[in-house]
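Student: In case you want the letters, here they are:
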Amino acid sequence: MLRRLAWFLPTLLGLLAVTFVIARVIPADPVALVAGETATPAQVEALRRQLGLDRPLAVQFVDYVGRLIKGDLGTSLYTTRPIADDLASRLPATIELTLVAMVFSVVVGIPLGVVSALWRNSALDHALRVVTVSGLAIASFWLGIMLQLLFAMRLGWTPLNGRLRGFPPQGLTGLYLVDAALTGDGAALGAALSHLALPAATLAFPALATLVRFTRAGVLEVMQSNFVLYERAMGMPRSVIVWKYILRSALTSTVTQIGLLFGILLAGAVVTETVFDWPGIGTYAVNSIIRSDYNAVMGFTVWAGAIFLLVNLLVDIAHTFIDPRERAA
Amino acid sequence: MNAALFVLSRLARDRSALIGLVLILGLVAAALLAPVLATHPDDVFELHPSKRLLPPGAQHLLGTDRMGSDIYSRLLFGARITILIGVIAVGASLVIGVPVGLVAGYYHGWLSDLLMRVSDVFLAVPQVVLAIAIAQTLGPSLPNVILALSVTYWPWFARLVYAETRTLQKEVFVESTAALGASPLRLIALHVLPNVASPIIVRASIGMGFTILTAAALGFLGLGPPPPTPEWGRTIAESREFLPDAWWYAAAPGVAIFLTVMGFNLLGDGLRDVLDPRIRRASGGARGLAGDADG
Amino acid sequence: MDELLSVRELEVEFPTDQGPAQVLDRISLDIGQGEVVGLVGESGCGKTTLARTILGVLPQSGGRIRGGAIFFKGRDLLRENPVVVNDEVRGRAITFIPQDPFSSFSPLFTVGTQIMDLMKWKSPRRRGGAGARRWPALLRGYPRERWRADRAAALDVLRAAQIPEPERALGRLPHELSGGQRQRLMIAMALLPRPDLIIADEPTTSLDVTIPAQILRLLRALVKERGVSVLFTTHDLGTAYEVCDRVVVMYAGQEMESAPTDAFFQRPAHPYTRRLLESLPSPGGEIRDIPGEVPSLVGPPPGCRFHPRCDYATAECATLRPAAHAVEGLHRVRCYHPVGAS
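Residue numbers (my numbering), protein chains in the order written: chain A, 149 to 477; chain B, 4 to 298; chain C, 6 to 347.
No lab work stands behind these hints: they were computed from the structure.
Quick partial rundown of chain A residues pointing at chain C, CB under 8 angstroms, derived from the structure:
no., residue
1, S373
2, N374
3, F375
4, L377
5, A381
6, P385
7, S397
Here are some chain B residues pointing at chain A (derived, C-beta under 10 angstroms):
no., residue
8, Q130
9, A219
10, F223
Even for Gly, the Cβ is constructed at its ideal location relative to N, Cα and C.
All chains should be built: construct the whole structure from the sequences, respecting the hints.
Tutor: In structure tokens:
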């Protein structure tokens, strides 16, 4: 485990270097784009010097890392605001979406997986297996569009896109659900939920499919264990055997999945946010890329990379706590 | 070749794997025979503005798109793009990833650590994001999409091969052969590779599915081959402004993607069950599986 | 009947690729109050299946009970309400000592948690009955008073089982204890619900050689103190000799002979038993295979299943299985030609 920790920083640096190089090695000239079509070559050069983009790559990189350490992710070429601020303002939206999707997949997925294993080869099990296999084959942006088509356009049950129409609830967290609940703002809560429904469902679908599959496999395996035999022979109530003992054993591997799930969800968020015009980090990333705002692209990649490496690390740590045997190892 | 026949015969008993195989063959057939199967083969390039957005009917099996082109025909030609992207991207990832994994696994020391850290860097960021960044940087085109996908997928193969090689190294027969003085290359080629082949094949099949999904996502975002290339993801993007009326415009390419990816996933699952369930468990295969779903 | 456990004509079948295997062929077996009975036989003879059937835990993919009855305290377990059997008989009146104590614990919970969970449901101080069934099992609470009493009782039994520092042991995870300690724990857990009968399935097989003797003697002492009956399956005749009051030998799904221990070892009547004892390298050793093959249980030989390998077999042995008859007192045998008879 210590090795993992030790490698964290160099890996992060490597990530930075890669993105840095990629972002700089481009045929189009972003400076020219920013300067505008009417700018003269001299003006473009002046802008380039101003932005410090005329210095050797290596120097730029060192400078960049230096600023990173101070928490400065650079300034967006497009919005001219600090990227860190841009990201911070959009973070709650993405977190809320991802959390809701994750909670939903876990709360629904794990029990479904258990039930699927208990009633193996029943009609329910087969139906679930079909759904889970499909879940990983559907393009999530397409799923989002189809859901919009059915529920928003045809049935009118949910809004089409966006996070909220009208004023957001008062609050500190920036998570509309939490803020609305805390301030007792029922209307805002309802509105926020209805806006969350489709994007969260889209995001959750592949995660749900994965969780059901893994839980099912895990439970099936654990059911063969000797301690399950013992508990059955000693007449322990079935629900206790399943939901306390079997599930806990099956979950030791599922916890690792949940960590990776977070990664999947965050990745899926990028595309899903684009489909639903969700004002989160995903749309920010995509827009920055399309606008050749490579400072923002860098900022986003650094931030995303760090988060992912961190999540992986946390998952490793969590795993040691879930499975007490690992602590000895 | 006996091994191949054995695998095929075992596979034949697995119904869902067969369905997967059928779907894939259907895809290949659609791609190869597109000029023959298409009702309006020229619609890939020609425009018929007067016939825009017609619903599915006798003339146009899946309706027409915003340019009046026959959706069914364009989908068939789009299958070619899909296969091309999938095969080349996964193939390139294989060609890069497998040797990297072999070297990293076989040798110990700073080189192998470095190689694995580099892979970790690529694995740290989700494939979609990195692919988007690369594709955007290089500009929307077919070769760039393939490049972006290859560059982001090879670490999966590298990691897999690395783990398998390390496990195999501990096997007695490898140690003894090495002790007898066999050259590393010979050892790798004759002893390591055959054992590693199975997980690679499984990963390649499942990887095709995910690569195709990512490629469609890139197309959707406008980063794929530009029009008039009938790429499936882009078609979905084009269709959005005409919803909900022209629903077939969005539904058809999505279903095509679904069936294709489903085919590769089912086949991959079937291959995994057939090829070596025991070895997978020994090398901690369960953990590796989780990393499959990306994008 | 006054026997504690009376298995009558039990028939169990397992599906296999080649067809159904007749694993238990109308077996009958009695166990009296406070009696320690050893069930011996080669591997595959069905002793584990018999033990599991009594416990009611045949593998889900597997065996089917085709006929017969298991009378426990006068009631047929196979025909009683399964919920009641699970609640009142299993883990209470009849408990279990498994073969492998290590894997019979969940590795993720402390030993104490698992013991107290058992006590929550199976403690002799628990009041059963209709009222108890109103709440789903997961939500039921554990009354403080009873918890304390149960825990004290658990510590007592752990001490009786000679587990050092019982309080600390309870706080440990299974892998932190030694094999011998785990086996003692299993014995303790089998005794805590104050059962009438303990079914021990090859309880010392997975331990290394030096430990079993002490543990066996301990087990025997503990059950004799409490008047508990034990059904002990083993392929080790030495164990049977040490611990059991009576020995029953099985072959290919049929019980062949049942005798008090001394009689069993000194005056075996059944030809199979004789061969078994003769084939031992030293007295009280493990059962080695005797010449010939154990028959396949799919389409087994009719009548007495040992007849193809038996020196004394005659036509009637291959036709109808002999009924049990007494050789002397409690010594009974199922054979037309018992050795030593006229």
